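2 protein chains.
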Amino acid sequence: MRLSRYFLPVLKEVPKDAEIVSHRLMLRAGMIRQQASGLYAWLPLGYKVLRKIQNIIEEEQDRAGAIEMLMPTIQSADLWRESGRYDAYGKEMLRMKDRHDRDMLFGPTNEEVITDIFRASVRSYKQLPLNLYHVQWKFRDEIRPRFGTMRSREFLMKDAYSFDMNKEEARRSYYKMFVSYLRTYHRMGLTAIPMKAETGPIGGDLSHEFIVLADTGESGVFCHADMLEKTIPAFDVDYDGDLSPIVDDWTSLYAATEDMIDMEEFEREVPEDRRVAARGIEVGQVFYFGTKYSESMNATVTGPDGKEVAVHCGSYGIGLTRIVPALIEAFHDENGIIWPVSVAPFEAVILNLKSGQEACDSACDSLYEQLRNAGIDALYDDTGEGAGAKFSTADLIGIPYQLIIGPRGVKSGEAEIKHRASGERETIALDQVVTRLKELIEPERRDKI
Amino acid sequence: MRLSRYFLPVLKEVPKDAEIVSHRLMLRAGMIRQQASGLYAWLPLGYKVLRKIQNIIEEEQDRAGAIEMLMPTIQSADLWRESGRYDAYGKEMLRMKDRHDRDMLFGPTNEEVITDIFRASVRSYKQLPLNLYHVQWKFRDEIRPRFGTMRSREFLMKDAYSFDMNKEEARRSYYKMFVSYLRTYHRMGLTAIPMKAETGPIGGDLSHEFIVLADTGESGVFCHADMLEKTIPAFDVDYDGDLSPIVDDWTSLYAATEDMIDMEEFEREVPEDRRVAARGIEVGQVFYFGTKYSESMNATVTGPDGKEVAVHCGSYGIGLTRIVPALIEAFHDENGIIWPVSVAPFEAVILNLKSGQEACDSACDSLYEQLRNAGIDALYDDTGEGAGAKFSTADLIGIPYQLIIGPRGVKSGEAEIKHRASGERETIALDQVVTRLKELIEPERRDKI
Numbered sequence: 000m001r002l003s004r005y006f007l008p009v010l011k012e013v014p015k016d017a018e019i020v021s022h023r024l025m026l027r028a029g030m031i032r033q034q035a036s037g038l039y040a041w042l043p044l045g046y047k048v049l050r051k052i053q054n055i056i057e058e059e060q061d062r063a064g065a066i067e068m069l070m071p072t073i074q075s076a077d078l079w080r081e082s083g084r085y086d087a088y089g090k091e092m093l094r095m096k097d098r099h100d101r102d103m104l105f106g107p108t109n110e111e112v113i114t115d116i117f118r119a120s121v122r123s124y125k126q127l128p129l130n131l132y133h134v135q136w137k138f139r140d141e142i143r144p145r146f147g148t149m150r151s152r153e154f155l156m157k158d159a160y161s162f163d164m165n166k167e168e169a170r171r172s173y174y175k176m177f178v179s180y181l182r183t184y185h186r187m188g189l190t191a192i193p194m195k196a197e198t199g200p201i202g203g204d205l206s207h208e209f210i211v212l213a214d215t216g217e218s219g220v221f222c223h224a225d226m227l228e229k230t231i232p233a234f235d236v237d238y239d240g241d242l243s244p245i246v247d248d249w250t251s252l253y254a255a256t257e258d259m260i261d262m263e264e265f266e267r268e269v270p271e272d273r274r275v276a277a278r279g280i281e282v283g284q285v286f287y288f289g290t291k292y293s294e295s296m297n298a299t300v301t302g303p304d305g306k307e308v309a310v311h312c313g314s315y316g317i318g319l320t321r322i323v324p325a326l327i328e329a330f331h332d333e334n335g336i337i338w339p340v341s342v343a344p345f346e347a348v349i350l351n352l353k354s355g356q357e358a359c360d361s362a363c364d365s366l367y368e369q370l371r372n373a374g375i376d377a378l379y380d381d382t383g384e385g386a387g388a389k390f391s392t393a394d395l396i397g398i399p400y401q402l403i404i405g406p407r408g409v410k411s412g413e414a415e416i417k418h419r420a421s422g423e424r425e426t427i428a429l430d431q432v433v434t435r436l437k438e439l440i441e442p443e444r445r446d447k448i
Numbered sequence: 000m001r002l003s004r005y006f007l008p009v010l011k012e013v014p015k016d017a018e019i020v021s022h023r024l025m026l027r028a029g030m031i032r033q034q035a036s037g038l039y040a041w042l043p044l045g046y047k048v049l050r051k052i053q054n055i056i057e058e059e060q061d062r063a064g065a066i067e068m069l070m071p072t073i074q075s076a077d078l079w080r081e082s083g084r085y086d087a088y089g090k091e092m093l094r095m096k097d098r099h100d101r102d103m104l105f106g107p108t109n110e111e112v113i114t115d116i117f118r119a120s121v122r123s124y125k126q127l128p129l130n131l132y133h134v135q136w137k138f139r140d141e142i143r144p145r146f147g148t149m150r151s152r153e154f155l156m157k158d159a160y161s162f163d164m165n166k167e168e169a170r171r172s173y174y175k176m177f178v179s180y181l182r183t184y185h186r187m188g189l190t191a192i193p194m195k196a197e198t199g200p201i202g203g204d205l206s207h208e209f210i211v212l213a214d215t216g217e218s219g220v221f222c223h224a225d226m227l228e229k230t231i232p233a234f235d236v237d238y239d240g241d242l243s244p245i246v247d248d249w250t251s252l253y254a255a256t257e258d259m260i261d262m263e264e265f266e267r268e269v270p271e272d273r274r275v276a277a278r279g280i281e282v283g284q285v286f287y288f289g290t291k292y293s294e295s296m297n298a299t300v301t302g303p304d305g306k307e308v309a310v311h312c313g314s315y316g317i318g319l320t321r322i323v324p325a326l327i328e329a330f331h332d333e334n335g336i337i338w339p340v341s342v343a344p345f346e347a348v349i350l351n352l353k354s355g356q357e358a359c360d361s362a363c364d365s366l367y368e369q370l371r372n373a374g375i376d377a378l379y380d381d382t383g384e385g386a387g388a389k390f391s392t393a394d395l396i397g398i399p400y401q402l403i404i405g406p407r408g409v410k411s412g413e414a415e416i417k418h419r420a421s422g423e424r425e426t427i428a429l430d431q432v433v434t435r436l437k438e439l440i441e442p443e444r445r446d447k448i
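Protein chains in written order, with numbering that gives the first Met the number 0: chain A, 0 to 448; chain B, 0 to 448.
These are calculated hints, taken from the structure and not from any lab test. Remember, it's a predicted structure, so these values are computed and weren't measured experimentally. Each hint can be trusted.
Because identical chains share one entry, a pair is satisfied inside a single copy or across any pair of copies.
Keeping only pairs whose Cα atoms sit at most 27 Å apart, straight-line, the calculated DSSO-like set for lysine-lysine is:
(1) Lys437 x Lys447
(2) Lys51 x Lys137
(3) Lys125 x Lys11
(4) Lys137 x Lys90
(5) Lys125 x Lys353
(6) Lys306 x Lys166
(7) Lys51 x Lys447
(8) Lys11 x Lys306
(9) Lys137 x Lys96
(10) Lys353 x Lys410
(11) Lys137 x Lys195
(12) Lys125 x Lys166
Please build the complete structure, drawing on both the sequences and the hints.
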């Protein structure tokens, strides 16, 4: 993408009302724009990141056997009356009446709708296990939206719903999602720790939150330091096999949020020098809630013995619009964002230090073409800005590799590659840039880790 | 995808309240499920088609220089008061109050929001031309939603918005979208005819609707028969070049909807034997509306002479959730849907006529693996259903190629390939199926036409 034809409204000033660094950087880098309290437009740079995150989530959900679909944002109040949550949900639910005066709402979650779809279509235990998911916009009318898209009112969430014959089968479905979540965050470059969690208004008796440590996190978290360095299941993990050794291993070390912490247990189980007490950002949650909705909404199947049983369910959420700021909280420095390659809006940026000078333009144009042919997603700063401004913007928006091309380099047939994360620069022959870049980028795409 | 692990709730009965064939087939094929009047869940098979359509639209929008972003579904009423449309829009607008009693609405379109984003970020003519688009859910509270997703209340639309210095430049932006639309529909296998159209409540003085002919269409349309056989601009069309010869050629033949038809002109310009008077489905519309919103919302840039000018704008919509039924109206027979490969939920389906028999299972498993490795998106009917039921389902859901594998064939090392569209069957050695299928499928993917 040529920057001269892109829409990247970076801000020079630091926005005053943005309290945390990710919010400031998302605004400054032209990733988002606030449209109303807790409502954001995703500008092109931000949207590219969101879609890369969505792709990773979808690939990992599919691998784990979940099936993608899409439920509407607007729901009928009737289903929520049936489950008993319509009144219980309170002011966080955005309610409205349609032109025929029917009570509608903007879905804050989808247990009711998916249960309704399930009961209309599934009759027999033979059709189980089933796990359906979608990536759709939700709305929760937070009393005080804040921290940009970290706690916005309209937010994009992946929510999956599993259906099983009994608790033991449901546990297998839960484990698949657990393992899939470990892989999902890891592919984005995040260290997300599963922690015992409150099940909250959804109910149920088995739940983990996945937490990324960050000083600006809203929850206090406590865990064994070894949790931060555990090996992640590989891409060829057998989801049909027994996943309990993996889950047991991950849950054998103490880790809990402040809502669930038992200090005595924490201190008994974790040696003093391995105790981590920190703040964290919740980037996902998995629940087993049993027959809570299947009973109230009458979602049953015929078992092998011919008897009707209420199905056992779980739900599994990942907040996409929250992961973007969580990534920035984890990866930034004083100059801006530092994207991991796997979620970067562009993998490399060409900085033409002398746009308008024929030799520079032609070297950059040719490199841009080569990158495109090599399947590297590159931004090309072909604008008339000065070198200083180009460096600042490239640092701010956090593209992993900067390819710096100036008149002197072009004369001697050389370019510089700057690694955004380390600041390291290497000088390299112009005709070697693509080869070198592929070497750097391919393993960092993390698509087969 | 193994059908035994998929979620494909096909219906045996013909749904009674579905008036048109596409609605009936989408319900029967388990593509959608109604959740409330005019609100549909997209089940896995339907959602796959929707995403394939989205991919094609995005690729063609990007090629034409439009830049993708995403605006929120919920908008503040204030912007609509500024443009003067809040009261004008009437009951089709879904309105609500948030918990702080602020007037909000579910966006039926996005001229106001995008103009607000534009005016906040763009100051100079040097940043033009600019065309921003998104693919986002909209809501229009139709008094009588009908025909399934053809006229639903919540619907998925691609809407692009162009910004230019003056009318002449705006016309170039309009032409880019015009050409891009021709290519977009063509890639889906649709013959969509651009017709002069009313500009409706959005206003403006240059507009075309893109219409697919179908007996169930809601609009009457009139055109020269040659419009149905015109050559589509190729994938390497130069969007930076002069597109007026292409657009002039396309608009030189008479074509207009019933709202715009001038019968005398039609009869004067079109020889009697070339007059088409038919019904059609609108699958997209392009508008130039000048300074309508930029003036009321004060979206100006500084021109080369230092003076502030209101920008000239256009908007360009494609209804994704409407294209799915439009495709079915165009491509079906008495047995079900006949997807073009480029938008098919799966490109091929393996029918194991004797699931459970070891030789059959092993031949099918191996073929499934080979297809996967060859990058062919295949469904594998590995269920315990009988051959007859498998044939019916495959015909109903319309997968372009059926790979039929039964005990006799396996013994002689052969399979049959059935072409869903023609009904033609060819017998082929099992080890040649993938090669033959690639030969058939690759040109039909239409990704480089």
